[in-house]
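Engineer: Guided by the hints, dock chain W onto chain X, whose structure is given.
Protein chains: 2
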Amino acid sequence: MTIENLSANKSFGGWHKQYLHSSSVLNCPMRFAIYLPPQASSEHKVPVLYWLSGLTCTDENFMQKAGALRIAAKLGLAIVAPDTSPRGDEVPDDEAYDLGQGAGFYVNASEAPWDQNYRMFDYVNTELPAIIESTFPVTNQKSIAGHSMGGHGALVSALRHSSQYRSVSAFSPIAHPGDCPWGRKALSAYLGKDRGQWTQYDAVQLLCDQRDCLPALVDQGQDDEFLVEQLKIDVLESVVNNNGLPINIRRHAGYDHSYYFIASFIEDHLTFHAEHLGLL
Amino acid sequence: MTIENLSANKSFGGWHKQYLHSSSVLNCPMRFAIYLPPQASSEHKVPVLYWLSGLTCTDENFMQKAGALRIAAKLGLAIVAPDTSPRGDEVPDDEAYDLGQGAGFYVNASEAPWDQNYRMFDYVNTELPAIIESTFPVTNQKSIAGHSMGGHGALVSALRHSSQYRSVSAFSPIAHPGDCPWGRKALSAYLGKDRGQWTQYDAVQLLCDQRDCLPALVDQGQDDEFLVEQLKIDVLESVVNNNGLPINIRRHAGYDHSYYFIASFIEDHLTFHAEHLGLL
Numbered sequence: 001m002t003i004e005n006l007s008a009n010k011s012f013g014g015w016h017k018q019y020l021h022s023s024s025v026l027n028c029p030m031r032f033a034i035y036l037p038p039q040a041s042s043e044h045k046v047p048v049l050y051w052l053s054g055l056t057c058t059d060e061n062f063m064q065k066a067g068a069l070r071i072a073a074k075l076g077l078a079i080v081a082p083d084t085s086p087r088g089d090e091v092p093d094d095e096a097y098d099l100g101q102g103a104g105f106y107v108n109a110s111e112a113p114w115d116q117n118y119r120m121f122d123y124v125n126t127e128l129p130a131i132i133e134s135t136f137p138v139t140n141q142k143s144i145a146g147h148s149m150g151g152h153g154a155l156v157s158a159l160r161h162s163s164q165y166r167s168v169s170a171f172s173p174i175a176h177p178g179d180c181p182w183g184r185k186a187l188s189a190y191l192g193k194d195r196g197q198w199t200q201y202d203a204v205q206l207l208c209d210q211r212d213c214l215p216a217l218v219d220q221g222q223d224d225e226f227l228v229e230q231l232k233i234d235v236l237e238s239v240v241n242n243n244g245l246p247i248n249i250r251r252h253a254g255y256d257h258s259y260y261f262i263a264s265f266i267e268d269h270l271t272f273h274a275e276h277l278g279l280l
Numbered sequence: 001m002t003i004e005n006l007s008a009n010k011s012f013g014g015w016h017k018q019y020l021h022s023s024s025v026l027n028c029p030m031r032f033a034i035y036l037p038p039q040a041s042s043e044h045k046v047p048v049l050y051w052l053s054g055l056t057c058t059d060e061n062f063m064q065k066a067g068a069l070r071i072a073a074k075l076g077l078a079i080v081a082p083d084t085s086p087r088g089d090e091v092p093d094d095e096a097y098d099l100g101q102g103a104g105f106y107v108n109a110s111e112a113p114w115d116q117n118y119r120m121f122d123y124v125n126t127e128l129p130a131i132i133e134s135t136f137p138v139t140n141q142k143s144i145a146g147h148s149m150g151g152h153g154a155l156v157s158a159l160r161h162s163s164q165y166r167s168v169s170a171f172s173p174i175a176h177p178g179d180c181p182w183g184r185k186a187l188s189a190y191l192g193k194d195r196g197q198w199t200q201y202d203a204v205q206l207l208c209d210q211r212d213c214l215p216a217l218v219d220q221g222q223d224d225e226f227l228v229e230q231l232k233i234d235v236l237e238s239v240v241n242n243n244g245l246p247i248n249i250r251r252h253a254g255y256d257h258s259y260y261f262i263a264s265f266i267e268d269h270l271t272f273h274a275e276h277l278g279l280l
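Residue numbers (the UniProt record's numbering), protein chains in the order written: chain X, 1 to 280; chain W, 1 to 280.
Here chain X stands alone, though its shape is the one from the complex (with noise of 0.2 Å):
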């Protein structure tokens, strides 16, 4: 397996860096960046936060929009940001900006014409650690993060690989896919019409019958336009509650959807990482 190096960008004396490489999950070439802080080298591995991303977005807003790569250098920490789909023209794709490229939901498709690329899931937990750990010199330690369709995709695969990860956190995740209108029209396009396939992919469901999990740390903006229909934080807040676990949920007024929300608190996520992974 190859990746191929497409740039590199000194930041706060580490480097930011995009590779290409061809995946064997998703059967097309994926793009992802890397942030390496100035304290990683062969003789010091540093462990990896990995971000997933929202709809619509790359490997790219997170690395330009956060603000996050000041606070992983100051911390030692590595951040890896997969693109949030499969891409290209031999991949199906939709119209729409909520289905197909941009749009995978970080889940594996059973349903055709989903099911030759679209196992974004896999290739989250399972294929790209791999080659972030036999690549660059990082540690095996990993939590993971990200931000609406990505804040579902770290809360489902933190729930769902619970060893592999120290913590997970999120910026307004869509909490409850299986009960909202991104979430109905993305599961029962991917993974068909049986519900019951979607409860795998949905963190409110997972959650409904367990009384522990990682620790996690949600922020949501009482000012975001998706927090009723398509977030669901509420019901997200019930089942946290009702079956005392671990995850501390804020909210703050005035806040809205978009990185200038994630911005102002990504500091405190990248430090709960950090407590985690032993880093503070």
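Hints may contain errors.
[Claimed, not checked] Here are the simulated DSS-like cross-link-like pairs (lysine-lysine), alpha carbons at most 30 Å apart as the crow flies:
id: 1; chain 1: X; residue 1: 74; chain 2: X; residue 2: 45
id: 2; chain 1: W; residue 1: 65; chain 2: W; residue 2: 17
id: 3; chain 1: X; residue 1: 17; chain 2: X; residue 2: 74
id: 4; chain 1: W; residue 1: 45; chain 2: W; residue 2: 65
id: 5; chain 1: W; residue 1: 65; chain 2: X; residue 2: 74
id: 6; chain 1: W; residue 1: 45; chain 2: W; residue 2: 74
id: 7; chain 1: W; residue 1: 65; chain 2: W; residue 2: 193
id: 8; chain 1: W; residue 1: 45; chain 2: W; residue 2: 17
id: 9; chain 1: W; residue 1: 74; chain 2: X; residue 2: 74
id: 10; chain 1: W; residue 1: 65; chain 2: X; residue 2: 45
id: 11; chain 1: X; residue 1: 17; chain 2: W; residue 2: 65
id: 12; chain 1: X; residue 1: 17; chain 2: X; residue 2: 45
[To be verified] Derived coverage of chain W by chain X (criterion: at least 3 residues anywhere in the stretch with Cβ under 8 Å from a Cβ of chain X; other residues may be distant):
id: 13; region: 91-104
id: 14; region: 258-264
Since the hints were made in silico from the structure, they are not lab data. For glycine and all other residues, C-beta sits at the position ideal for the given N, C-alpha and C.
Structural biologist: Here is chain W on its own, set in the frame of chain X:
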């Protein structure tokens, strides 16, 4: 004069907002962005840093990518980011990225067809500050900064309106536009072939016979792809050293021309301006 609020995002306790207004200097509608830190109120006015962006940019690049809002919120400093040229179907343009819309070069054009709209020097230094100071809870204390073409704009603005600003800073400025390909192309189009007219928009030329100027900070990446051919920092450095000018030029190994570089050192710039604006 009415201005229309286009967007509002809470960030770091303050507000990032975009506005549209009719510019009488530029003869077209113009968009700008302002960040008002949490300290700003009708009872507590704050000073302003004007940020001028580079080729192809709008009001959005700096606000989204520089990581500056966190620092402005901490310091109690407002930031205003104008667009980089007049815009619209009625405004002359060129197919190239380095002339016309997105490439105003912060000059007052004298040549047709540019002279009806391309008066960014007066827009940035006169019309826009008057609007800002009559509309928002800010003082008339201001500093100016920018990147690349905007670094050129900031230096020239500060040198020619030295009583208006407290300090100036630039990342990777086009320091000597009269003697680089970008500058020669733009200045000959906007100002005509008479190079005597270019002097007033060339930081190196303006500094040649000065023995003092506003406090200035310039950061330059040593791996900037435009350093040798376009930016001419060596020439600026010679004039600064020969004339004993209070311009601190810093060079940074490994950094390029991108916002990954700007983000790495923007805290130094905002702190520098805050000191000269009496905030520290």
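Engineer: Does residue 45 of chain X sit within 30 Å of residue 65 of chain W, going by the straight-line distance between their CA atoms?
Structural biologist: Status holds; Cα separation ~28 Å.
Engineer: For the region 258-264 of chain W, count the residues whose Cβ lies under 8 Å from any Cβ of chain X; is that count three or more?
Structural biologist: Per the Cβ count (6), the hint holds.
Engineer: With a Cβ-Cβ cutoff of 8 Å, does the region 91-104 of chain W contain at least three residues near chain X?
Structural biologist: violated (count 0)
Engineer: Decide if the proposed pair is consistent with the structure: residue 74 of chain X and residue 45 of chain X, CA atoms, cutoff 30 Å inclusive.
Structural biologist: holds, 15 Å
Engineer: Are residue 45 of chain W and residue 65 of chain W close enough, with their CA atoms no more than 30 Å apart?
Structural biologist: holds, 26 Å
Engineer: Sort out whether residue 74 of chain W lies within 30 Å of residue 45 of chain W, counting only the CA atoms.
Structural biologist: Measuring from Cα to Cα gives roughly 15 Å; hence the hint holds.
Engineer: Quick one, are residue 65 of chain W and residue 17 of chain W close enough, alpha carbons at most 30 Å?
Structural biologist: holds, 15 Å
Engineer: Within a Cα-Cα threshold of 30 Å, do residue 17 of chain X and residue 45 of chain X meet the stated pairing?
Structural biologist: holds, 17 Å
Engineer: Take the C-alpha atoms of residue 17 of chain X and residue 74 of chain X, compute the straight-line distance between them, and say whether it is at most 30 Å.
Structural biologist: holds, 18 Å
Engineer: Measure nothing beyond the straight line between the CA atoms of residue 65 of chain W and residue 74 of chain X; if it is 30 Å or shorter, mark the hint as holding.
Structural biologist: holds, 19 Å
Engineer: Between the alpha carbons of residue 74 of chain W and residue 74 of chain X, is the straight-line distance 30 Å or under?
Structural biologist: Given that 30 Å is the threshold and the Cα spacing comes to 19 Å, the pair holds.
Engineer: Given the hinted pair residue 65 of chain W and residue 193 of chain W, is their alpha-carbon gap at most 30 Å?
Structural biologist: Answer violated: residue 65 of chain W to residue 193 of chain W is near 37 Å, above 30 Å.
Hint check: violations occur at hints 7, 13; the rest are consistent with the structure.
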